[in-house]
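There are 2 protein chains.
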Amino acid sequence: MTLGRLLGVGVGPGDPELLTLKAVRILREGPVVAYVSAGGRPSMARSIVAEHLSSGSPEIHIALPMRLVPELAHAAYDEGAARIGAVLERGRDVAVLCMGDPFLYGSFAQLFERLGERYRTEVVPGVASFTAAAAAARTPLVGRSETLAVLPATLPRDALATHLAGADGVAILKLGRHLAKVRTVLSELGLLERAIYVEHASAADERVVRLADLAIDQAPYFSLLLLPPAP
Amino acid sequence: MTLGRLLGVGVGPGDPELLTLKAVRILREGPVVAYVSAGGRPSMARSIVAEHLSSGSPEIHIALPMRLVPELAHAAYDEGAARIGAVLERGRDVAVLCMGDPFLYGSFAQLFERLGERYRTEVVPGVASFTAAAAAARTPLVGRSETLAVLPATLPRDALATHLAGADGVAILKLGRHLAKVRTVLSELGLLERAIYVEHASAADERVVRLADLAIDQAPYFSLLLLPPAP
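Chains A and B, in that order, give the protein sequences.
Each position in the first sequence, counted from 1, maps to that position plus 35 in the numbering used here.
Each position in the second sequence, counted from 1, maps to that position plus 35 in the numbering used here.
One chain only, chain A, in its complex shape (with noise of 0.2 Å):
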């Protein structure tokens, strides 16, 4: 019997519509799809293309942890990784749907790397989160011979304060809990004035400050800042 094939959905920033039509056709098509999510918390993939799915057709929910503790991630990938073979053994085609871009810091790299030697992998590039902010900030993130860095803010401030002091536009992802050691070294570095804070870009919550103006210490994990290059 043919084997199913695995198949890396990115399913963009949070608004629907970024959805590409290649991704649609595929749902459509009626894989069967996974997606993870951690902390008991429901999955944004899946919201984005509940109105693609099939109602009644099987899926697989990879719950992670709420406390991401390596050896229970890596478990939980592994079962993960074995309900979705069993699938594909079955000649069926399993689709992961990842925020984004499923080879940018998605979780679709840890099934990729479980199952990607054994099953046909085929893998739809999505929008971008940090793409999707600048459009919502309005502000081009670099043009000419400008360098990107795309940073996440797990980083040390050390790492960070070196890879911000190299760049011409910086993204910087993944800030949840780190955006107060993100303030400080952006603070120390002058960068502070520079800095936009992007929540949930593109979705129906969307919302773009100054960062120098951002009250919180604490940000959701879907949040990133954009440094622009300096005129």
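Hints should not be assumed to be uniformly reliable.
No distinction is drawn between identical chains; accordingly, a pair holds when it is met within one copy or between any pair of copies.
[Unchecked claim] In silico SDA-like pairs for lysine to any residue, Cα to Cα no more than 25 Å straight-line:
1. K209 - E124
2. K209 - R153
3. K209 - E181
4. K209 - R40
5. K209 - Y154
6. K209 - D252
7. K216 - G201
8. K209 - R125
9. K216 - V243
10. K209 - M79
Think of the hints as simulated: they come from the structure by calculation, not from any bench.
Bear in mind the structure is a predicted one, so any value in this text is a computation, not a measurement.
Got chain A sorted already, so can you dock chain B onto it with the hints?
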């Protein structure tokens, strides 16, 4: 009379199926479309959306000179912006078609700079070429706490070397006639083996090959290199 809206519409990397639902909806609403092309070549962005345009609708073609002398390019953008402005003044929307994403190395920034203050602007983000290239190469670009550097191949050798040394994952865009220079820098840094060359990602003539196996010294404009993080 209400002024028209300036729309920056990302059309993605090449595959017409990687258009977003939003881009398609906006184009089907019948704005005047505008696009930039250089050296008398046909616009790739226009060919991607061709099936969604109504025939007979006026179009604005901004032709950049073959040799991109800054003053001549400047004058072409000035003239293009004036033509777009004239349409917006009559209350009609203008959709500027942009390969990839409008705010990532797009010529849209040139028009936005000239028109964005007077006219209401909306930007529709698109799938970036380098994520489509990662999908084509079946290679995760970055995960966890890794950093991504997006670098234009137009940078001088020293700058390229500095940025390459500091980042985990790297995408080098706009290869064109800079391929030989970039290859030399990568070779000197011992990074040649890690580099993957992707031409026309997601398009019908997509091509993926290890840089070490690539025999050419000059590449098309829409080609790039990916360096996934070291394992």
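Here is how each hint holds up against the structure:
Taking the shortest Cα distances, K209 and E124 never come within 25 Å of each other, neither inside one copy (35 Å) nor across copies (41 Å). In the homo-oligomer, the alpha carbons of K209 and R153 never lie at most 25 Å apart, since the shortest distance is 31 Å inside one protomer and 34 Å across protomers. In this assembly of identical chains, the alpha carbons of K209 and E181 lie at most 25 Å apart whether taken from the same copy (23 Å) or from different copies (12 Å). Proximity of K209 and R40 under a CA criterion of 25 Å is satisfied in neither setting, with 30 Å inside one chain copy and 33 Å between copies.
Taking the shortest Cα distances, K209 and Y154 never come within 25 Å of each other, neither inside one copy (30 Å) nor across copies (33 Å). In this homomeric assembly, K209 and D252 come within 25 Å of each other (Cα to Cα) only inside a single copy, at 14 Å, whereas the closest approach across copies is 39 Å. Both within a single protomer and between protomers do K216 and G201 lie at most 25 Å apart by alpha-carbon distance, with minima of 19 Å and 21 Å respectively. In this homomeric assembly, K209 and R125 never come within 25 Å of each other (Cα to Cα): the closest approach is 37 Å inside a single copy and 43 Å across copies.
Taking identical chains as interchangeable, the C-alpha atoms of K216 and V243 lie at most 25 Å apart only when both belong to the same chain, with a minimum of 20 Å there against 40 Å between chains. In this assembly of identical chains, the alpha carbons of K209 and M79 lie at most 25 Å apart only when taken from the same copy (15 Å versus 34 Å across copies).
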